[in-house]
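There are 2 protein chains.
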Amino acid sequence: MKPPTKTPVSDYLAQLVGQSVNAIDTPGLVIDLDAMKRNLGRMAEFARKHDVRWRPHAKTHKSVQLAKLQMQAGAVGICVQKTAEAEVMVDGGVYNIYISNEVVASPKLARVAALAHRIAAENGQLSIAVDSAEGVNRLAQAMNEARSQAAAGAVVDVFVEIDVGQGRCGVPPGKAAIALVHEIRKHPALRFAGLQAYHGKAQHLRSAQQRRDAIAIVADDVIYTRRVIEAEGVPVDLVTGAGTGSMVCEAASGVFGELQPGSFLFMDADYAQNERDPAQPQFEHALFVKTQVISSRDDHAVCDAGHKSHAIDSGLPLVRAFDSECELEYFNGGDEHGILRPAGGSRRVPAIGRMLWLIPGHCDPTVNLYDFMIGVAGGLRKGTVERIIRVDARGAAT
Amino acid sequence: MKPPTKTPVSDYLAQLVGQSVNAIDTPGLVIDLDAMKRNLGRMAEFARKHDVRWRPHAKTHKSVQLAKLQMQAGAVGICVQKTAEAEVMVDGGVYNIYISNEVVASPKLARVAALAHRIAAENGQLSIAVDSAEGVNRLAQAMNEARSQAAAGAVVDVFVEIDVGQGRCGVPPGKAAIALVHEIRKHPALRFAGLQAYHGKAQHLRSAQQRRDAIAIVADDVIYTRRVIEAEGVPVDLVTGAGTGSMVCEAASGVFGELQPGSFLFMDADYAQNERDPAQPQFEHALFVKTQVISSRDDHAVCDAGHKSHAIDSGLPLVRAFDSECELEYFNGGDEHGILRPAGGSRRVPAIGRMLWLIPGHCDPTVNLYDFMIGVAGGLRKGTVERIIRVDARGAAT
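Line by line, the protein sequences are chains Y and S. Everything in the first sequence is counted per numbering that gives the first Met the number 0, starting at 0 for the first residue and increasing by one. Everything in the second sequence is counted per numbering that gives the first Met the number 0, starting at 0 for the first residue and increasing by one.
There could be a bad hint or two in this list.
[What the hints assert, rightly or not] Which chain Y residues face chain S? A few, computed with CB under 7 Å, are given here:
1) E101
2) I293
3) H306
4) D312
5) D363
6) G394
7) A396
[Unchecked claim] If you want the footprint, here are the derived chain Y segments under chain S, 3+ residues with CB under 8 Å:
8) 22–30
9) 282–289
The hints are simulated quantities; they were obtained by calculation from the structure and are not laboratory data. None of the values given here were measured: they were computed from a predicted structure. C-beta atoms are modelled at their ideal positions from N, C-alpha and C, and glycine is treated no differently.
Just chain Y, with the same shape it has in the complex (with noise of 0.2 Å):
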């Protein structure tokens, strides 16, 4: 018999569905689905009870099959920060989004007017931010350019972006906002939907009087600007922004219309170190990377996931072994290994073959670093895999 000649991947994953989790490969990203579920159906609990529309963070998971199902639960439609993203979207048939960020590149804009038009096709809705007059103008361009190509005409809705305390894109909040609308309103393919006002930095504050403070100083700034562009006679009809850490705040401050979470969904270990705001639903850690013990000593064990596997911008991943008497913390072991030491009084180092489970540091960019996503029902230690989720825009960083 002649040995196999192509390396079977696919067989590995068409095969998975069904079985044990003890049959998933690793390292290997696994989505905990009860507890995803329960995440959604929580966030979708907390938008009805705040009368505010939920736009979840297509950057977090990067699948069109997680978009749907955010969209069945009550999502008006999704956010990415790519063009790319967007298209990989919109291949998917998910037709509301809106590019949370600046695009500004001529051949870029090109591809986003495209994108207006494939939406309109399917009566969805495109919309994007801009903070420059030179990113309205290139845009508008675009728009009009695909215009003459296209049968119908669309419409793309386009937010102001204020900086209200990231430090990074946006203008100033007030007067320099009002530009910027005028700037949109002259042109018929572009349509003021309203301002975008994101603080990133402040969902990691780690008291929830911290972020409440922080999120009172946003909605100052957004109240602010709203007054004086409505007083040049222009509706400011919706403000979107906050994410999972600080929204239970812009959710009180009645100024925020939509809401545009991503990590709800998985949880990292990051935003689970912050003091939890009594309102803010009670999110599980639903995504894992699965590694397993591949060397192991007295006094350390080292695990096959390093930082290849997951994403340590956020600090390092937390290690779940299921067993009350090895308790371990990781140590940054490279790219492709992790350190275990015992920890909170334990003293027991796994043995080589021991299969553990980590909690990335931060779930963006961990899930960008695989093609698919395994999802498991019934639990990490006795379930059984249920589907494959791919990550369809993995990489779509353009």
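Guided by the hints, dock chain S onto chain Y, whose structure is given.
Only chain S this time, still in chain Y's reference frame:
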């Protein structure tokens, strides 16, 4: 005319070859082919001069095309860290591969055994590292099971890893290695090939003297371990290890028969911070992330490359604007953004649309974020896209 219905990513790539660097979309991973070829030539010359074999680490580039280029330049083969990387390389026709890492799961070892037979059929050689009797026995069992299915037998070269200061995998130097050597020699499908002695941390010690001191201890550990093994009447044919940062020391030690550098090909920002040893070849930066400014204010600009576009585990990227009046420092702006502030006495904030080049802090995990690298000849300012180089083993983590 109907709007396009599919996203033309592959069209973009196909059309890029022959075009100016200006046509490269951002963020995009770009190789300065001229610099890379000079690095390759310097490495080959260094190995010739020191009469040492070189087996570059393919975990850096994960590319079949570049692995073959390295072997054409004189490399004896390649190293990989993962079984899945080895599979991709064998699928691509690379048949001299060393898995310089421990593999212990039986399903993975079945894949290793299958590779051993495929490689043997091509008159190549597969090697692997071990640090436990369990690992040796499971490998032997997998080889026996594969042998009974395959037309021809194959022998895997097995290196015993000793921990020479990295504090990760490996047995302690000295007697602990003997038991493993005897264990390996029990199995006809395994051949004891020598010692793996890799001290990754030593490569990042900033002063040349610190690195020399660290590798002097490595050499002592190797000599001691070799002596206790040879005292048992077993020859130690080869000692393999070293990386770009410290390889001048390993080469000078006289105990290493083979070097495993990976980063020399691209040279990341982190290695460039080392004080150069006078004996070290002058490797140049050859890997860049092309990015552009999407937002610009008085005090800072924002570019479209964050840590989903380059790895930040070894520090933030350096910025090349190719403009003496525009020196910039990169600050972390999150997953999709970089924040750029004037530096080095410069006060110029780059305008919206301005193209810039980032030198990643760490090349290996940066490459792992991309499906392809864009090879440019003639320099980054005025060059031409010569070829697209697939990152064949991107995400091959199992």
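Hints and how they fare:
no.	hint	result
1	E101	holds (4 Å)
2	I293	holds (4 Å)
3	H306	holds (5 Å)
4	D312	holds (5 Å)
5	D363	holds (6 Å)
6	G394	holds (6 Å)
7	A396	holds (5 Å)
8	22–30	holds (count 4)
9	282–289	violated (count 0)
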